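Novice: Full structure from sequences and hints, please.
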Amino acid sequence: MKLIRLFTAGNVDDGKSTLIGRLLIDSGAVSTDIIQGLTKANELGSEKSEIDLAFLTDGLKAERELGITIDVAYKYFSTHTNKFIIADTPGHWEYTRNMFTGASLCDVAIILVDVTIGITEQTKRHALIASILRVKQIVFAINKMDLIKYDEAVFEEMKTALLDLSYKVRIISPTVLPISALKGENVVHKSAVFSWFKGPSLFDYLENCPQEKELESTRMRFQVQYLIHANKSIGYAGRIDQGDFRVGQALLLLPKGQNLVIKEIIHNTQSVKLAESGSAVSLYFTNEPEIKRGDILTDLEKPPRIGNQFTADICWMSEANSDFQTNYIIQIGTRTLSAKLVCIHEKRLENRTISDNLMLNDIATVDMITDTEVVFDRFEDAKSTGSFILIDPVLFTTIAAGIII
Amino acid sequence: MSMDYLDILESEAIYMLRETAAQFKRPVLLFSGGKDSICLVHLCKKAFFPAKFPFPLMHIDTGHNFPEALEFRDALVKELEENLIVRMVEQTMVNKGIKDLDHKFPSRNAFQSFTLLEAIAEFNFDACIGGARRDEEKARAKERVFSLRDTTGKWNPTNQRPEVWNIVNGFLKEGENMRVFPLSNWTELDVWAYIQRENISLPSLYFAHERTCIKTSEGHLMNVNEFVKVSPLDEVITERVRYRTVGDMTCTAAVKSSASTVAQIIEELKISKISERGATRIDDRISETGMEDRKKEGYF
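So the sequences go chain by chain: A and B. Quick note on this note's numbering: the first sequence kicks off at 1 and runs consecutively. Quick note on this note's numbering: the second sequence kicks off at 1001 and runs consecutively.
Check each hint, because a few of them may be wrong.
[What the hints assert, rightly or not] As a list, the in silico PhoX-like pairs of lysine-lysine whose alpha-carbon atoms are at most 20 Å apart:
#1 A:Lys232 / B:Lys1256
#2 A:Lys232 / A:Lys263
#3 A:Lys159 / A:Lys149
#4 B:Lys1025 / B:Lys1173
#5 A:Lys124 / A:Lys136
#6 A:Lys168 / A:Lys124
#7 A:Lys124 / A:Lys149
#8 A:Lys149 / A:Lys198
#9 A:Lys2 / B:Lys1229
#10 B:Lys1046 / A:Lys232
#11 B:Lys1229 / B:Lys1099
#12 B:Lys1046 / B:Lys1096
#13 B:Lys1052 / B:Lys1078
#14 B:Lys1256 / B:Lys1270
#15 A:Lys159 / A:Lys124
#16 B:Lys1046 / A:Lys273
#17 A:Lys292 / B:Lys1025
#18 B:Lys1045 / A:Lys232
Keep in mind that the hints were calculated from the coordinates and are not lab data. These numbers come from a predicted model, not from an experiment.
Specialist: This is the structure in structure tokens:
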């Protein structure tokens, strides 16, 4: 069975939560007591008599009262071939950081567009985030088609506009589908109202998605997470970020620059000859090297870069603006060190001029400098060594997420 | 070759357990004797093999636990040779002068939070690993894997730290505490599939057996025991039942079932139309936001 992670995005009231409610109910993933609970919950605030599908995912009291999604809700459903993890992300500009959180691990993005409103600033922002995060499969679902009588011409016009937007934010070959989440048209089942549409239903599209595989590359990456001391030897525990690791293989230890050979691989309490990308293992080496948490083991041919400066696309997630003085804590995978912002090149997509600081929800290209040398990759070469978060050095809140370019 | 979804979930959980061991000074694993925490223990064996766990286990014992669950707990800890801390809710109630609820099914669930917070202070724990899953309940569906509690033990659901990719921020200010949920992305069915694949033993309560129960007006089957007030008007029946969750005897209902093996339970769950907590927890149903309210007070 494959595991597929997807998120829904789009403007407020474009129908994200309703769409997920529809996917869950029509695919039979929701229990009857929960559907009854929705009817009960509705009596609290809303005067609507029919089940509000959005209440399936808007689980917090504040969300129900305000009728909006504040934070990501994770929902799960399975078919015979796939387990799906759905992140229902907020549409409000104020909660962009939560949208970024929900989107960060996903293989598939579903960006909803209200056909009666068209492309909004949030549509553009979400498309940009999906593009920056290198989400492999991006679907624009043109929703509320019932309100325009399932008109093909209107759909085609909007499709053209979305393909134009995709080109601008560097999304390659997105899929565009017409749906009505409220009526359930073309969500799980193909529908007669869209007889002119030759593509799949959203559900069929998802069923046929490939599971995320690590980038087709020969790069091998392993970040040391934890040291296991037992029987007078040390196991270096971590999850293989990418590449297949074999006993006898020569590796490079960074930042030290030492060559090592794998003596043993322990996977699930067993000694194995080969461990594939994604496995949580512990590695043992012949020459007892000095290795600590945060060190990186890589192949010899295409190692990461080492330096104290890099350029990144970042999403600013704090109410406090950025500055050029603060020594932020930077966490790259399992390493933490100190870093400063040194230059803001451009704010992506915003109609604002370059300024001296980043504000909440800004997405920008910046230069960063770290206090000591750090091992890193470009995000497109290796996700886990190419991504980072910034942490406030006093409050310890997570204030930005970045992608090294 | 491509990993199966259970391999991915397992690997993700082990990654989070190791991050917890690496990022915190005094973590603890909250162990209830239920299937989810038993899976966590199994994952710890893999995460830290061949070493012992780098943290103790702790059970917040309501005093209303099923004897089968307690026996299983003690046998498992003995077999693992790991350290188990037990703190009794009863002791907190004595200290604070709290009396059991005057209720037909007097749950002590609400008081567990007090005992948990006292134990965290007593041992200076900075991270508590729990077996909660996002599919259990709609407030939990919103929670991060590394979920911060403020200095009073409260969860602030409208201002959570962004958790981007698998980078988990475990920095704490004085007095703050982290809850860690490595099984966040597992569903009830995933847990059972994993139990089957890994051949994990469970308390007998999870499998079909004969039991004398009160059938409540809502149709819940409640175990007859010394804490429950049985009235002559109650419908007392003996049924073949099993438990989908194992909590307090006073608020956990049994479900009618003939499933006596893991494979049969999986088949049963696939056709079940009732959610896990909906079928078995009478405490969540008190109000629409029952879980969120309790978590804000410091509950697991």
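Novice: Now, for every hint given, state plainly whether the structure supports it.
Specialist: Hints and how they fare:
1. A threshold of 20 Å between alpha carbons decides the hint, and for A:Lys232 with B:Lys1256 the separation of about 52 Å lies outside it, so the pair is violated.
2. Taking the CA atoms of A:Lys232 and A:Lys263, the gap is near 15 Å; set against the 20 Å cutoff, the hint holds.
3. Distance hint between A:Lys159 and A:Lys149 is fulfilled; the C-alpha atoms sit about 17 Å from each other, no more than 20 Å.
4. With a CA separation close to 13 Å, the supplied pair B:Lys1025 and B:Lys1173 stays within the 20 Å bound.
5. With a C-alpha separation of about 17 Å, the suggested pairing of A:Lys124 with A:Lys136 holds against the 20 Å cut-off.
6. Between A:Lys168 and A:Lys124, the direct Cα distance comes to roughly 10 Å. Compliance with the 20 Å bound is thereby established for this hinted pair.
7. Under the criterion of a C-alpha separation no larger than 20 Å, the hint pairing A:Lys124 with A:Lys149 is inconsistent with the structure, at around 26 Å.
8. Restraint check for A:Lys149 and A:Lys198: the C-alpha separation of about 18 Å stays at or below 20 Å, so the hint holds.
9. For the hint linking A:Lys2 to B:Lys1229, the alpha-carbon distance of about 49 Å lies beyond 20 Å, and the restraint is violated.
10. Distance restraint check for B:Lys1046 and A:Lys232: the Cα-Cα separation of roughly 19 Å lies within the 20 Å cut-off, and the hinted pair is therefore satisfied.
11. For a cut-off of 20 Å, the pair hint linking B:Lys1229 to B:Lys1099 stands: about 16 Å separates their Cα positions.
12. For a cut-off of 20 Å, the pair hint linking B:Lys1046 to B:Lys1096 is broken: about 40 Å separates their Cα positions.
13. Of the pairs offered as hints, the one joining B:Lys1052 and B:Lys1078 holds, with about 13 Å between alpha carbons and a cut-off of 20 Å not exceeded.
14. At roughly 15 Å between alpha-carbon atoms, B:Lys1256 and B:Lys1270 fall within 20 Å of each other, so this suggested pair holds.
15. Between A:Lys159 and A:Lys124, the direct Cα distance comes to roughly 14 Å. Compliance with the 20 Å bound is thereby established for this hinted pair.
16. With a C-alpha separation of about 17 Å, the suggested pair B:Lys1046 and A:Lys273 falls inside the 20 Å cut-off, and the hint holds.
17. The suggested pairing of A:Lys292 with B:Lys1025 holds, with an alpha-carbon distance near 17 Å, which does not exceed 20 Å.
18. With a C-alpha separation of about 19 Å, the suggested pairing of B:Lys1045 with A:Lys232 holds against the 20 Å cut-off.
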